[in-house]
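2 protein chains.
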Amino acid sequence: MKMLFLLSILAVPSVWTYILPQRNCLLRRAVDLTRVLDTESVAATKPFVPGNLSEITLPGNITYRINDFCVGEHTGTHLDAPFHFNKDGWTVEEIPLERLISNGIFMNFSQETANNVSFRLQPDHIDQWIKQHGRFPHNAMVLISYGWSQLYWNRTAFTGTATDKFTDMVYPGMSAETATKLASMPEVVGVGVDTISIDASGEGIAHQILTAKNIYLLEDVDMDKPCIPDRGFKVFSMPIKLVNGTGTPARVIIVPEGGILK
Amino acid sequence: MKMLFLLSILAVPSVWTYILPQRNCLLRRAVDLTRVLDTESVAATKPFVPGNLSEITLPGNITYRINDFCVGEHTGTHLDAPFHFNKDGWTVEEIPLERLISNGIFMNFSQETANNVSFRLQPDHIDQWIKQHGRFPHNAMVLISYGWSQLYWNRTAFTGTATDKFTDMVYPGMSAETATKLASMPEVVGVGVDTISIDASGEGIAHQILTAKNIYLLEDVDMDKPCIPDRGFKVFSMPIKLVNGTGTPARVIIVPEGGILK
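If you read the sequences in order, they're chains A and B.
This note's numbering applies: residue 19 is where the first sequence begins, and numbers increase by one.
This note's numbering applies: residue 19 is where the second sequence begins, and numbers increase by one.
Any given hint could turn out to be false.
If several chains are the same, the list does not tell them apart, and a pair holds so long as it fits within one copy or across any two.
[Stated by the list, open to error] Pairs of lysine to aspartate or glutamate residues, derived as EDC-like cross-links and limited to a Cα-Cα distance of at most 20 angstroms, are as follows:
id, residue 1, residue 2
1, LYS149, GLU130
2, LYS149, GLU111
3, LYS243, GLU112
4, LYS64, ASP142
5, LYS243, ASP106
6, LYS243, GLU111
7, LYS231, GLU275
8, LYS231, GLU195
9, LYS183, GLU73
10, LYS105, GLU73
11, LYS64, ASP145
12, LYS243, GLU73
13, LYS149, GLU195
14, LYS231, GLU112
It should be emphasised that the hints constitute simulated quantities derived from the structure, not laboratory data.
Make the full structure from the sequences, and use the hints.
Written as structure tokens, this is what we have:
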């Protein structure tokens, strides 16, 4: 009888997907989704500028090296604080740590964007994912790949323009309706993308809708990795603790749900 | 017989401490050991300097805020890459992710430094800790509190001088022998302190010895927290991924060994 019950669960996909996370791969160790930060990093405003490396010698002939740098808050793999588009929202250092360690889900729309740079993620895409993989977990970070990670080091391809003008840029993103849908889900604490912006092509509406609910954003995330499961992993979104920050470069890693094994 | 064996284990402290982590408290959730980064942050060289917050309005009357900043690599809670004192050592972005997620151990010498700012951590202190709490785990991050966290926002008390001159500074730290001992333990991947430097009073020898083994360092860590267990927790040392960095502000958090529960 027990076996019959078990088999009946196994035979019904919708129950199965709800009970056990689907995985297109098994995450065994932490994976870094962070781009290196250097003078070639994609920057929304100010690029990364290193200082001059100093060598200093202490008594005892001990030499050390030290440097400084300047950088725009939205350069390379970075976090947008809600304050970026919501003047009453959290600044970087105000985002609760509990929200920066989130339950990841991963959606891949690389095929949809392959011949359509104007692709707009629609609410139906979210519904379809949920139907296939189950409801979002609480404290959810929604990672969305548009297949743009591979273009990152080709600036013109990545942003769709050879200029630095934000309003000239062309790349896929989500519709206002999709942002509204995600913002209406209380379990969503963050949304991350592999493009320069959570919005499509220099728009700002998705930013505005999501940050109005104190949802933080990750941009320029490197999702060109052999294994990002559909769900069942933790995301550590680790910005430096910048007071009054609208955003900041951050370390973003994913970790198996059961923790680091070794 | 089984019960007798179990009781015999329970009765022998040295076996017990090796098998089960000792805890002076039970870590139930992630704890942030990171100082906020602002113009008051303790800086080894260049302080934190924010740019001017810009407000930009997009079509559709959508307004956003954006800024930039300049900062010394060794400002606030930060990571020292081995390259800082070892020209052949890893720069910030080269430190393997596997080493940045480490097994934490915590040593508290607040009592020893209370009336002795010249306190030097000796190899015996390490031996004593191991005798009491068991051998270090593999991939170990050795967090050492000198009770200095409470002084952080009082610059003169924290560094022992009203000047910015590094060689004028006075604060506790470790002896060269202790650095040599830690550097000789292959399981040690990092060492962190709640003072401005892993060395005592503007010295550099401990830096040199530890970084020679590609051990990375954490400084200005906030250890004034109600619960940091003696062992049995993970440390996430999360620097931004700075190319050629000798160090960088970092997010440093500790997490229960079994992972985040919720």
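Each hint tested on the structure:
no. : hint             : verdict
1   : LYS149 to GLU130 : within (18 angstroms within a copy, 60 angstroms between copies)
2   : LYS149 to GLU111 : neither (36 angstroms within a copy, 39 angstroms between copies)
3   : LYS243 to GLU112 : between (30 angstroms within a copy, 18 angstroms between copies)
4   : LYS64 to ASP142  : neither (36 angstroms within a copy, 50 angstroms between copies)
5   : LYS243 to ASP106 : neither (36 angstroms within a copy, 29 angstroms between copies)
6   : LYS243 to GLU111 : between (29 angstroms within a copy, 18 angstroms between copies)
7   : LYS231 to GLU275 : neither (26 angstroms within a copy, 32 angstroms between copies)
8   : LYS231 to GLU195 : within (15 angstroms within a copy, 53 angstroms between copies)
9   : LYS183 to GLU73  : between (38 angstroms within a copy, 16 angstroms between copies)
10  : LYS105 to GLU73  : between (42 angstroms within a copy, 10 angstroms between copies)
11  : LYS64 to ASP145  : neither (38 angstroms within a copy, 50 angstroms between copies)
12  : LYS243 to GLU73  : neither (37 angstroms within a copy, 36 angstroms between copies)
13  : LYS149 to GLU195 : within (19 angstroms within a copy, 61 angstroms between copies)
14  : LYS231 to GLU112 : within (14 angstroms within a copy, 37 angstroms between copies)
Comparing the model with each numbered hint stated earlier shows that hints 2, 4, 5, 7, 11, 12 do not hold.
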